[in-house]
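Whenever a hint applies, use it, and build me the whole structure from the sequences.
One letter stands for each residue in the lines below.
Protein chains: 2
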Amino acid sequence: MAENIVQRLRDEIENGIVTNQFAPGDRLDEMQLAKHFGVSRTPIREALMQLGAIGLIEMRPRRGAVVVEPGPHRIYEMFEVMAELEGMAGSLAARRHTDTDRTELLAAHGRCEQSAKADDADTYYYDNELFHQAIYTASHSSFLIEQCTALHRRLRPYRRLQLRVRNRMKTSFSEHGGIVEAILSGEAELARALLRQHIAVQGDRFSDLVATLAQREVRPG
Amino acid sequence: MAENIVQRLRDEIENGIVTNQFAPGDRLDEMQLAKHFGVSRTPIREALMQLGAIGLIEMRPRRGAVVVEPGPHRIYEMFEVMAELEGMAGSLAARRHTDTDRTELLAAHGRCEQSAKADDADTYYYDNELFHQAIYTASHSSFLIEQCTALHRRLRPYRRLQLRVRNRMKTSFSEHGGIVEAILSGEAELARALLRQHIAVQGDRFSDLVATLAQREVRPG
DNA sequence: ACTCTTATTCTTGCATACAAGGATGTTGAC
DNA sequence: GTCAACATCCTTGTATGCAAGAATAAGAGT
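As given, the protein sequences belong to chains C and L, one line each in that order. Using UniProt numbering, the first residue of the first sequence is number 1, and each one after it goes up by one. Using UniProt numbering, the first residue of the second sequence is number 1, and each one after it goes up by one.
Since the hints were made in silico from the structure, they are not lab data. Even for Gly, the Cβ is constructed at its ideal location relative to N, Cα and C. Be aware that one or more of the hints could be misleading.
[What the hints assert, rightly or not] Partner residues are not named here, just some residues of chain C that face chain L (Cβ under 8 Å, in silico):
hint : residue
1    : I54
2    : V68
3    : G71
4    : R74
5    : V81
[Claimed, not checked] Chain C is faced by these chain L residues, among others (derived, beta-carbon under 10 Å):
hint : residue
6    : N4
7    : E58
8    : M59
9    : V66
10   : P70
11   : R74
12   : E80
13   : G87
14   : M88
15   : E113
16   : S142
17   : E146
Next up, the structure:
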């Protein structure tokens, strides 16, 4: 209970950032956070240090910590790398997946189908995360799983935006179908290519994203 | 100058880990480090938190921080991911490199040639790092550069070991030649494949690595 | 003699205190 | 009226202190 307070703080603040509760550019006041969480500044600082090391916040010397504002180009770069890592995970999953992985992947795919049919964007968003997590797991590379999970998490806010674009949800789900087939039939390179394309934010899709981001600039808060 | 002490501490400790001054499994005593660096425990702890977030050390609750011991399989996984990222960097470099990048890459390649010819493993080790850094830079993806640099750094100790294997240095340099050619002639996929293979620790090479690691187990300290 | 239990010590976890460097507001001069 | 300089305040950076849990050592019982 009085255990890893700093761990809890890190997760809470990270979550706040990822859910846009702390928007990019916001300053994270140590005393304010300390008061909010009912702890002293010390564990807050330690949590912030961790977030800074991961790259979620920027710690300007003597001037406090701010949530990083990646900028469209940088977000694009992050999606590029994510695409590559996901492709790798898919490739490995195609070669290494077990029966359990197969069951889990199909289950996750099934859940995506339901939320896609119900046109429930929020549920689909969540199920989609589980789907990708299932692929990571099936890669059986613990390090790759960690890397993918971390980056996936960092890209959360932008993926969420993307789902609002046109009928991205239906497109996304239909792409999932091909990916599942490729993985389960062991076609590593096909799985890689499909996943890479699935993630890659390029061409018109990227334009949409930038447009959406630009809109968000003029937010009330 | 007396600025970010914690930043300096982080770098110093990280360097100590990467250079095996702090060996895997070693416990990092806060008071000991504090005394050694002439500071209090607070900045030490904050530095350790950062290293923990990166994954270089493990912070066991109430039981102190220890340098992580990756284990051969995990090291293999890390090399796998590194290979993929390097391949991606090479591919992007082939498509995006500027004249400056070209000059830098050739210069780094030239330095590697000299140290390889001189059979100077230590210098080659350093020049090799610059060579790969030149490729990252030529990819013109700041995020990818950061990811590659971080992982490259984490794999330092093991790459160093690898260089001692057989005539790895000569082989490494000859592979560099093909990579340079592929990048400068814009053959993205060839560059990717060559770099991936260059990094990948597989088959006999991996056996060599494990053997070398096993030897290191019985170290004097 | 060996093991289990208990007490002591040592280290970590968190809070508080103090110093120092930016941010800000006010006042004065042009 | 505006800009600049100075003083004040506010936040961060670091040290220290105290409490609590884990490692360790000592003692008793089998």
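Right, here's what the structure says about each hint:
no., hint, verdict
1, I54, "5 Å, holds"
2, V68, "12 Å, violated"
3, G71, "10 Å, violated"
4, R74, "6 Å, holds"
5, V81, "6 Å, holds"
6, N4, "5 Å, holds"
7, E58, "13 Å, violated"
8, M59, "9 Å, holds"
9, V66, "16 Å, violated"
10, P70, "9 Å, holds"
11, R74, "6 Å, holds"
12, E80, "6 Å, holds"
13, G87, "8 Å, holds"
14, M88, "5 Å, holds"
15, E113, "30 Å, violated"
16, S142, "6 Å, holds"
17, E146, "8 Å, holds"
When each numbered hint is compared with the structure, violations occur for hints 2, 3, 7, 9 and 15.
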